[in-house]
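Protein chains in written order, with the working numbering: chain A, 2 to 212; chain B, 6 to 250; chain C, 33 to 253; chain D, 49 to 104.
Treat the hints with caution; some may be incorrect.
In the DSS-like style, the derived pairs of lysine-lysine whose C-alpha atoms are separated by at most 27 Å in a straight line are [to be verified]:
(1) B/Lys92 - D/Lys97
(2) B/Lys25 - B/Lys239
(3) B/Lys25 - B/Lys92
(4) B/Lys239 - D/Lys97
These are computed hints drawn from the structure, not numbers from a lab.
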Amino acid sequence: MEQQDVLAVENLDIWRGERCLCRNLSFRVSSGEALQVQGQNGAGKTTLIRVLTGLGRADEGDVLWRGESLRRNGERYRASLAYLGHSNGVKLGLSPRENLTVAGALLDKPSSADIGAILDRVGLHAQADLPCGMLSMGQRRRTGLARLLLSNVRLWFLDEPLASLDVAGVKLLTEMLKAHLNGSGIVIFATHQAIELAPHPVKSVLLDSKA
Amino acid sequence: MFVWFHKLASPPFFYRFAQKLAPWLGWLSLLVILAGLYGGLWLAPPDYQQGDGFRIIYVHVPSAMLSMFAYMVMATAAAIGLIWRMKLAHAVSAAVAPLGASFTFLALITGSLWGKPMWGTYWVWDARLTSELILLFLYLGYIALNHAFEDRRTGDRASAILALVGVVNIPIIHYSVQWWNTLHQGQTIFFGPKSEMPPSMYIPLFIMILGFMLFFAAFSLKRLQVEVLQRENKSAWVRELVETT
Amino acid sequence: MRYRAIIGRDLRLAYRRRGELATPVIFFVIVTALFPLALNPDPALLRTLAPGVIWVAALLAVLIGQDRLFKTDYEDGSLELMLLSPISLEWIVLLRVFTHWLVTGLPLVILSLLLAMMLDYPMHAIGILVMSLLLGTPILSFLGAIGASLTVGLRRGFMLLPILVLPLTIPVLIFGAAAAGRAALGDHSAAPLYFLGAMLMLTVTLSPFAIAGGLRVSLES
Amino acid sequence: MKSWHEFITMGGYAAYVWPSYGIVLVVMLANAILPGRRQRRLLREIRRKQREEQTE
């Protein structure tokens with residue numbers, strides 16, 4: 002019996018300065034589903050994702066996780082999400098292995114998952130102990146993806162996950178997302194390109210500030 | 006009563022309320038200040054030690070009181086804004102800060118103008134003047150941070166945190182400056198009202214304090230209207246307001 | 033274990049960018065060296081000025097080091113991870129400011145021994161000077177971190193930070209310089225040291241909340 | 049009661065008393081006038097923007 006987890010967004014208004022990014026936005030995503038946030042550059046995809054993680058703040062409306070507002074259960078909410086932003090959250094002065102060790106500590110669980118195995122999976126076996134400053138952009142992105150694998154949480158938020166990934170990297174990402182959805186995870190990602198995740202359903206939200 | 010407060014916290018209601026109240030308070034403060042000036046500059050007898058020089062007290066003490074009172078208002082509003090996420094509260098902090106800084110500046114200037122005939126120099130590192138100077142720095146830091154952000158709301162919350170840090174620090178600063186002052190100055194200098202002031206001297210002082218308070222209330226409301234307009238310039242009630250006037 | 037990893041990360045990064053760490057230390061030495069040049073190298077004068085000079089220089093050195101505290105983490109996104117961690121941000125911040133003090137504040141304290149000699153500060157009082165700096169510089173680090181957290185998202189943050197923080201540091205300066213000054217004259221300096229200790233306790237307990245709040249606000253947009 | 053002369057010279061303290069009152073007057077007047085002016089300017093600006101939006 003898998004528990005059905007639902008992320009529900011209710012009547013969200015987000016303003017940035019003088020501009021309204023979304024008004025009265027509502028949607029639900031539940032276990033095994035993916036949601037794609039679409040929109041042109043500057044439409045506010047990143048802002049919306051940040052609001053959903055709790056980093057940003059909406060002007061009106063609420064985000065509910067398992068029926069609870071994230072304003073009230075911030076700590077439990079943060080324990081069940083992982084976020085890969087524009088910037089990877091990777092320290093260039095540290096190696097991928099060291100980066101993952103710190104990420105594990107910040108996830109507040111003794112990393113039972115083997116960091117070495119995860120690095121193998123994202124194809125950074127040979128670079129595991131080089132400083133990330135010496136790696137290519139794609140390899141840094143892979144280090145960020147490795148962090149998602151380490152996290153072992155329900156909710157994944159990805160902002161422009163395809164950025165700087167090569168063909169093999171995109172394939173790796175798609176496989177990772179599918180595996181996550183198979184394990185009744187939830188994926189919310191922002192990009193204007195399509196990611197094929199069949200047979201899993203991909204809902205979508207279009208941000209269009211002109212409307 | 007509570008309902009009334011709740012209503013007051015809604016920007017459109019508040020805006021109209023302030024529009025009506027501010028002029029009344031403004032004119033009333035002018036009357037009270039004029040009465041205080043008449044009492045202080047004309048009726049009150051010269052001080053037996055300081056002659057007519059003591060008359061600076063009628064602007065110095067009210068300014069100094071307001072400088073501290075304004076900081077308390079600012080910090081309280083900042084706390085309310087942070088805890089209950091009330092937008093109007095942040096606007097109150099932002100509106101009060103320039104007034105508080107103005108009065109701190111006045112307290113410093115009048116204090117040093119008073120100091121010249123009493124001490125022989127314009128500036129003495131007296132505990133009260135030094136504390137007042139630091140208070141001015143705190144105001145300037147608050148104002149600078151409040152305006153440093155592109156997004157007004159981020160600036161509001163960031164400077165609210167600074168105001169709270171400041172309010173925790175003010176007693177410590179005040180105490181440390183006093184401690185330092187007794188350490189280095191040795192002699193205490195007579196400064197400020199003596200307890201045995203006759204009524205003809207202290208009644209004008211109370212009137213002036215009242216007048217300054219009314220002035221502060223009137224023009225905080227006015228500034229608050231501006232802050233509210235800036236923050237709400239896209240909302241429906243502002244559109245309506247602009248069309249009807 | 034998880035706390036060790038957080039401290040270890042900052043120590044490791046600091047070690048790999050040792051050059052950056054030297055900046056506040058060099059600044060401290062140069063500023064102190066400016067005073068004899070500007071005033072008068074008379075040992076008697078320097079001796080009376082030494083506590084104040086060392087304290088002002090240390091205060092400025094700690095503050096200029098504090099601007100970088102959250103900046104790189106803000107730029108590469110690691111700060112977002114700390115905010116999203118289930119570990120409370122206040123704890124993380126407390127650990128990180130303490131680590132930062134270890135690598136920037138502590139060297140200043142040690143170096144003050146050398147500067148004290150150069151300014152002819154009496155040797156019998158040097159223990160008190162070091163003690164005052166040991167108690168005082170962590171307070172400065174935490175206060176500086178409040179400023180750093182509020183200005184981390186601003187391009188001109190490094191210019192704003194001193195304006196915000198310097199007024200708050202005045203009590204530390206007063207008690208720190210007084211302790212060192214009294215000791216040099218052979219007076220009791222316990223009282224100002226107690227004040228510094230009390231202020232350190234207060235700062236360590238309260239400022240993490242302000243720093244964490246500042247970071248949350250700075251990362252909102 | 050005292051004389052006008054005494055009032056003007058402030059018993060020899062005129063150089064300190066009158067500048068004090070003068071600067072207080074200037075700062076308070078500025079604080080009294082500026083917010084009202086800013087409010088009117090702001091309202092004008094909002095009205096102008098609204099007209100522009102309507103004509104678009």
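Checked hints:
1. B/Lys92 - D/Lys97: 24 Å, holds
2. B/Lys25 - B/Lys239: 23 Å, holds
3. B/Lys25 - B/Lys92: Holds, because 21 Å separates the two Cα atoms, which is no more than 27 Å.
4. B/Lys239 - D/Lys97: 10 Å, holds
The structure is consistent with each of the numbered hints, conforming to all of them.
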